[in-house]
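Could you build the full structure based on these sequences and the hints that come with them?
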Amino acid sequence: MSNPLVNWWRSHKFNEAVKSQNNRVAKQLLKQIENSGAKLSWQQKLLDLLQKRYML
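Numbering (this note's numbering), first residue to last: 1 to 56.
Hints were generated in silico from the structure; no laboratory data involved.
Hints are not guaranteed to be accurate.
To be verified - In the DSSO-like style, the derived pairs of lysine-lysine whose C-alpha atoms are separated by at most 27 Å in a straight line are:
#1 Lys31 to Lys19
#2 Lys31 to Lys52
#3 Lys52 to Lys13
#4 Lys52 to Lys19
#5 Lys13 to Lys27
#6 Lys19 to Lys39
#7 Lys45 to Lys19
#8 Lys27 to Lys39
#9 Lys39 to Lys13
#10 Lys27 to Lys52
#11 Lys27 to Lys45
#12 Lys31 to Lys45
#13 Lys45 to Lys13
#14 Lys39 to Lys52
#15 Lys31 to Lys13
Encoded structure:
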C-alpha cells in the first residue's frame, strides 16, 4: 500500500534535488519513487527517460 504523505515528501525532495542540480540525490529518490509504485510526475518521467537514453 502506498502512503500519499511519504510519496509527496519523496517528490518534494526530488524536486529540490533537481533545482539544486544534485543529480546523485535525484537519481536515488527517483529509484525510491519508482519502487514505491507511485505515479511519476512529468519531471520524474523526463529524468527517467534521459537516464535510459543517455545512460546518465
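Against the structure, the hints:
no.: 1; hint: Lys31 to Lys19; result: 18 Å, holds
no.: 2; hint: Lys31 to Lys52; result: 13 Å, holds
no.: 3; hint: Lys52 to Lys13; result: 22 Å, holds
no.: 4; hint: Lys52 to Lys19; result: 21 Å, holds
no.: 5; hint: Lys13 to Lys27; result: 11 Å, holds
no.: 6; hint: Lys19 to Lys39; result: 20 Å, holds
no.: 7; hint: Lys45 to Lys19; result: 16 Å, holds
no.: 8; hint: Lys27 to Lys39; result: 16 Å, holds
no.: 9; hint: Lys39 to Lys13; result: 15 Å, holds
no.: 10; hint: Lys27 to Lys52; result: 12 Å, holds
no.: 11; hint: Lys27 to Lys45; result: 12 Å, holds
no.: 12; hint: Lys31 to Lys45; result: 11 Å, holds
no.: 13; hint: Lys45 to Lys13; result: 15 Å, holds
no.: 14; hint: Lys39 to Lys52; result: 18 Å, holds
no.: 15; hint: Lys31 to Lys13; result: 13 Å, holds
Consistency note: the structure conflicts with none of the earlier hints.
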